[in-house]
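Chains as they are written, first to last, in the numbering used here: chain A, 1 to 410; chain B, 1 to 410.
Hints should not be assumed to be uniformly reliable.
Because identical chains cannot be distinguished in the list, a pair is counted as satisfied if it fits within a single copy or across any two copies.
[As the list claims (entries may be wrong)] When the alpha-carbon atoms are kept at most 25 Å apart in a straight line, the in silico DMTMM-like pairs for lysine to aspartate or glutamate are as follows:
1. K336 <-> E371
2. K80 <-> E131
3. K336 <-> E403
4. K144 <-> E154
5. K364 <-> E11
6. K336 <-> E406
7. K364 <-> E406
8. K336 <-> E366
9. K364 <-> E403
These are computed hints drawn from the structure, not numbers from a lab.
Take a look at the letters that make up each chain.
2 protein chains.
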Amino acid sequence: MPEFLELLMPEEALHKLLETLSPTPQVEEIETILALGRVTASPVFAPFPLPTFARSTVDGFAVRAADTYGASESLPAYLKVIGEVPMGASPAFSLSVGQCALIHTGGMLPAGADAVVMVEYTQAVRPEEVEILRAVAVVENVLKVGEDVSIGQEVIPAGVRLRPAEIGGLMALGITRLSVGRQPLVGILSSGDEVVPPEQELSPGQVYDVNSYSLSALVQTAGGVPLCYGIVPDRAEALRATAVKALAECDLVVITAGSSASARDLTATVIQDLGPPGVLVHGVDVRPGKPTILAVCNGKAVIGLPGNPVSALVIASLFVVPVIEVLQGLSWAHPKSVITARLSLNLPSQTGREDWVAVRLLHKMEGYIAEPVFGKSNLIFTLARADGLVRIPPAATGLDAGEIVEVFLI
Amino acid sequence: MPEFLELLMPEEALHKLLETLSPTPQVEEIETILALGRVTASPVFAPFPLPTFARSTVDGFAVRAADTYGASESLPAYLKVIGEVPMGASPAFSLSVGQCALIHTGGMLPAGADAVVMVEYTQAVRPEEVEILRAVAVVENVLKVGEDVSIGQEVIPAGVRLRPAEIGGLMALGITRLSVGRQPLVGILSSGDEVVPPEQELSPGQVYDVNSYSLSALVQTAGGVPLCYGIVPDRAEALRATAVKALAECDLVVITAGSSASARDLTATVIQDLGPPGVLVHGVDVRPGKPTILAVCNGKAVIGLPGNPVSALVIASLFVVPVIEVLQGLSWAHPKSVITARLSLNLPSQTGREDWVAVRLLHKMEGYIAEPVFGKSNLIFTLARADGLVRIPPAATGLDAGEIVEVFLI
Chain A
1 MPEFLELLMP EEALHKLLET LSPTPQVEEI ETILALGRVT ASPVFAPFPL
51 PTFARSTVDG FAVRAADTYG ASESLPAYLK VIGEVPMGAS PAFSLSVGQC
101 ALIHTGGMLP AGADAVVMVE YTQAVRPEEV EILRAVAVVE NVLKVGEDVS
151 IGQEVIPAGV RLRPAEIGGL MALGITRLSV GRQPLVGILS SGDEVVPPEQ
201 ELSPGQVYDV NSYSLSALVQ TAGGVPLCYG IVPDRAEALR ATAVKALAEC
251 DLVVITAGSS ASARDLTATV IQDLGPPGVL VHGVDVRPGK PTILAVCNGK
301 AVIGLPGNPV SALVIASLFV VPVIEVLQGL SWAHPKSVIT ARLSLNLPSQ
351 TGREDWVAVR LLHKMEGYIA EPVFGKSNLI FTLARADGLV RIPPAATGLD
401 AGEIVEVFLI
Chain B
1 MPEFLELLMP EEALHKLLET LSPTPQVEEI ETILALGRVT ASPVFAPFPL
51 PTFARSTVDG FAVRAADTYG ASESLPAYLK VIGEVPMGAS PAFSLSVGQC
101 ALIHTGGMLP AGADAVVMVE YTQAVRPEEV EILRAVAVVE NVLKVGEDVS
151 IGQEVIPAGV RLRPAEIGGL MALGITRLSV GRQPLVGILS SGDEVVPPEQ
201 ELSPGQVYDV NSYSLSALVQ TAGGVPLCYG IVPDRAEALR ATAVKALAEC
251 DLVVITAGSS ASARDLTATV IQDLGPPGVL VHGVDVRPGK PTILAVCNGK
301 AVIGLPGNPV SALVIASLFV VPVIEVLQGL SWAHPKSVIT ARLSLNLPSQ
351 TGREDWVAVR LLHKMEGYIA EPVFGKSNLI FTLARADGLV RIPPAATGLD
401 AGEIVEVFLI
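With these hints in hand, go ahead and build the complete structure from the sequences.
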């Protein structure tokens, strides 16, 4: 498993992984009230039209439009008020020539009525009579049956992540259960002899496990369910045993390597042996995160991340998040959160490599300024101090101060 | 409670509400692994420095820098290899003049060492001797104690919503529990005689409750806990009884009015009577959502939303979400998700009123195009088809096709 023989660009590397994986999302039926953030497994069709009955869009009087023709302030039409349309029920009467009925916004048009006159254009004369001061056309101030959504219409395509608006839309159609992609189980293994759990007292030479927790949180934001397998010592047999267990129990396995080159080699060897076809990509032309491993073993993705916490989180955003999305069946991605900003200083970069730089956003009168956040050792607090990441494309030798950049929020 | 006597702009209206409310967020201590999305109640200070020990940033040999001075490929320095630094432990040896030790990335510098030579600039001579082909300066390839974070340094301010990077950062410092703002309980009441729950069969004239569900989902995305009080008939005593109960049990109460003007008046009257100071704003100069009510009753915010599902969701984003954020103690908002796009067509608007228009984003070669999504009755599916909202400022008479706009993702 020699590292870095052939470095792929992140985009090519992801393509190779997803192409080999060709996953079929698993589907489950859940209650709509629990479906926020879940992904539709099939298109949703309207079981009935919206509105389901002809509704008034204003407060006023339901009329026969023909009865109002020619009406004006100087020459009003006089109509007999035969009742009030109850909210939430079918009116018990119908209109004949010369008749009208009081109606509220959202009320159901009585039989015989074909338009509504706004209350502002009417004047009460006697308890049972009203002056109409303006003519209305047929269907004026009326929503016809199916005008918003016709019966059988596709209202939500498959592969859509449900937001508050979609949850409301499903309820408008009485759809209280629906099929969604199952949330992928993501096994997370930390390795490194120097890594210990945060509950433990630190001895000299030891550092706390960061990756298990930051990656678990990232997996949750992407819609996956993290399962932590703890910290595994940098020995082949221990790492292999835990990886085999995680691969059997999860839909996707993420292993963060120890920080030394030998620990990374060990991770690659263990992943290669987990099942065919094995390692597809070993080394990606990106900074941070060059020693990334992408593999498919027995039909499941296995991703080896660098041990450095910033590299691990950046690379997980590039590779783990898309796999979680694909496993949920997401195909209709709402645009990612991107803010356009002006770079505060020059960012040099090596041509042919993609760089990701953490930036803080400052809101100024003229728009956002992106200010790079540097940290000598790429400590996790470099990201904690940042609002997002700026991508320096492989073709560039860097970005200039004052240049407009897209900041991907983290 | 006459409506619309004085219309405030959304921003002024929100300011008036928050100023009167002046809430004190309630605090609870929780486990860091459960803290994703929660808001820090106090600043977090580093209990120890990071790194906690001098660490190598490369694979190579720990040396005394002075022993390498003058070393080059043609005239290497010869050093005696006295051991290998174990990962995760303190080396059991110290370096004397002319000695070095094998060290891995992240390994702890042995006593006596003050720099590391990368393995690429060394050559093995004998098992216990190595050629150093390049001189290193003191602390070269070494991270000193506290170089990233010094002891006692503020690493996360108060009022920050925790993302994966902060969760990782807390763990790096062994902080497994922390104080966060309690998640506000948000009581949601739907009213309207025409509104029925989605489990029920629809009779003519009835519509399903959308707002309870779309607002619950929105409350969750903002970090609140929704509590639904169901659908209340448009009668003062029923609405008052449920509102009193919700106000006692929750931190914030949201009431969506029935669609008719009389139902809206009823909501305003009931809110006014819930407790002092009562209604602060009745009517906001915004479309959709003019009949909005903002109140503070007994120290808690009560917000009356229009019954139309699109208006309710847009207005809740403008007023309910900020109150939830303030109640959690959020003061350090990461920039909201905004995408810059080019408007596809003219959007007329009335000067002096703020308009919010739902748009779909199309990704083209030259950037995003914002295409307005129109729906005759502002049905909830208008929003479900949209990616975000564009604000037309009160001073504008509209926006022109081709204009660059900010799209607030929903």
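Comparing the hints with the structure gives:
Within a single copy, K336 and E371 get their C-alpha atoms as close as 21 Å, and across copies as close as 17 Å, so both meet the 25 Å cut-off. Taking the shortest Cα distances, K80 and E131 sit within 25 Å of each other inside one copy (9 Å), while across copies they are farther apart (109 Å). In the homo-oligomer, the alpha carbons of K336 and E403 lie at most 25 Å apart both inside one protomer (21 Å) and across protomers (21 Å), since each shortest distance falls under that limit. In the homo-oligomer, the alpha carbons of K144 and E154 lie at most 25 Å apart inside one protomer (19 Å), although the nearest pairing across protomers, at 61 Å, exceeds that limit.
In the homo-oligomer, the alpha carbons of K364 and E11 lie at most 25 Å apart only across protomers (19 Å), although the nearest pairing inside one protomer, at 33 Å, exceeds that limit. Within a single copy, K336 and E406 get their C-alpha atoms as close as 11 Å, and across copies as close as 14 Å, so both meet the 25 Å cut-off. In this homomeric assembly, K364 and E406 come within 25 Å of each other (Cα to Cα) both inside a single copy, at 16 Å, and across copies, at 15 Å. For a Cα distance limit of 25 Å, the shortest separation of K336 from E366 qualifies both inside one copy, at 23 Å, and across copies, at 17 Å.
Taking the shortest Cα distances, K364 and E403 sit within 25 Å of each other both inside one copy (16 Å) and across copies (21 Å).
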